[in-house]
Amino acid sequence: MYVQVILSQGELTAMLLGDIDHHTAREMRKEIDALIEKHHPTLLRLDYSAVQFMDSSGIGLIMGRYRLMRLIGGTVLVCNVPPHLKRLIDLSGIGSLGVLEYKGKEALK
Amino acid sequence: MNVINEMKICFDSKSCNEAFARSAVSGFILQLDPTIAELSDIKTAVSEAVTNAIVHGYSNTIGDVHIKVQIIEGGKVIIQVKDKGVGIENIQQAMEPMFTTGGSERAGLGFAVMQSFMDKVKVTSKPGRGTTVTMEKYIMPRFSARDSI
Ligand SMILES: Nc1ncnc2c1ncn2[C@@H]1O[C@H](COP(=O)(O)OP(=O)(O)OP(=O)(O)O)[C@@H](O)[C@H]1O
Ligand SMILES: [Mg+2]
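Chains as they are written, first to last, in the numbering used here: chain A, 1 to 109; chain B, 1001 to 1149.
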């Protein structure tokens, strides 16, 4: 199992589990996209708190879901990014998409 | 440059081997007593290079991915990841952040990550012949010579 999901009031929360690389990202993507297509959530929340390791595939996963959610008129929020992943997230510039949710704050635009 | 230890592995370009590749390299590096951050930097860079060999180098076939790790006297680590896949036409362009030929699921960040997480990255490639990525990182000795007496 790569993803744990909660669907509530049109919001889909996907908790990603373990390491994200090209191999596991593909499995995560399949599970998440199947749920998006089935339920058309207005918000997809990607929870990174249980991610121990990731490479740029973890960024590609966000960008791909961002595009997909935009297509159906929804949004993506990335939450609970642990400190050890921060450097990669910063390097990616993904924050400029306005998808990063910081504790206690709304998504930064 | 005095090589004090060396290891080589070769494996199929299957995505399920990405985790194996980075654990094998980090297992070998452990003898230098790296910090968790140093180890994580190396694992990430290796994952990028190996994924590129699998995804781009051997996009439609399964081929051999070679990794060589050398530990140099003084704490430098040299990691080489090699494929005999399609090769890269324009290396400079390929290394630009956000450049990708991998479609919408790739961020085009692999080389940028390698460059940021390692001290040095060198890429040699020939179209039709394959690609070699050589990365270096200096692992700080954790104890000074005096402490270890
Ligand atoms: N081993 C390789 N063989 C052939 N082409 C390669 C190889 N490595 C990289 N490339 C080329 O260089 C481009 C950039 O690589 P880079 O790792 O920076 O980004 P990416 O792999 O496309 O995306 P990401 O790494 O973010 O998933 C690739 O899209 C590909 O065209
Ligand atoms: Mg890559």
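Hints are computed from structural coordinates only; laboratory data are not their basis.
C-beta atoms are modelled at their ideal positions from N, C-alpha and C, and glycine is treated no differently.
Misleading hints may appear alongside valid ones.
[Unchecked claim] No more than 27 angstroms apart at the CA atoms, straight line, and that leaves these computed lysine-lysine pairs for DSSO-like: (1) LYS1122/B - LYS86/A; (2) LYS1122/B - LYS30/A; (3) LYS1084/B - LYS1008/B; (4) LYS1137/B - LYS86/A.
[Said to hold, decoys possible] What the simulated footprint calls covered on chain A by chain B, stretch by stretch (three residues with Cβ under 8 angstroms from a Cβ of chain B suffice, anywhere in the stretch; the number is not a length): (5) 15-22; (6) 28-40; (7) 61-69.
* Does the structure keep LYS1084/B and LYS1008/B at a Cα separation of 27 angstroms or less? -> holds, 16 angstroms
* **Claimed coverage, the segment 15-22 of chain A by chain B - three or more beta carbons nearer than 8 angstroms** => holds (count 3)
* To do: Sort out whether LYS86/A lies within 27 angstroms of LYS1137/B, counting only the CA atoms.
  => holds, 20 angstroms
* Residues of the segment 61-69 of chain A with Cβ under 8 angstroms from chain B, three needed, outcome -> Per the Cβ count (4), the hint holds.
* Measure nothing beyond the straight line between the CA atoms of LYS1122/B and LYS30/A; if it is 27 angstroms or shorter, mark the hint as holding. => violated, 34 angstroms
* Asked: Do the alpha carbons of LYS1122/B and LYS86/A lie within 27 angstroms of each other, as the hint requires?
  -> holds, 25 angstroms
* Coverage criterion applied to the segment 28-40 of chain A (partner chain B; beta-carbon cut 8 angstroms; 3 residues) -> This one is violated; 1 residues, fewer than the three required, reach chain B with a Cβ under 8 angstroms.
Going down the numbered hints, you'll see the structure goes against 2 and 6, while the others check out.
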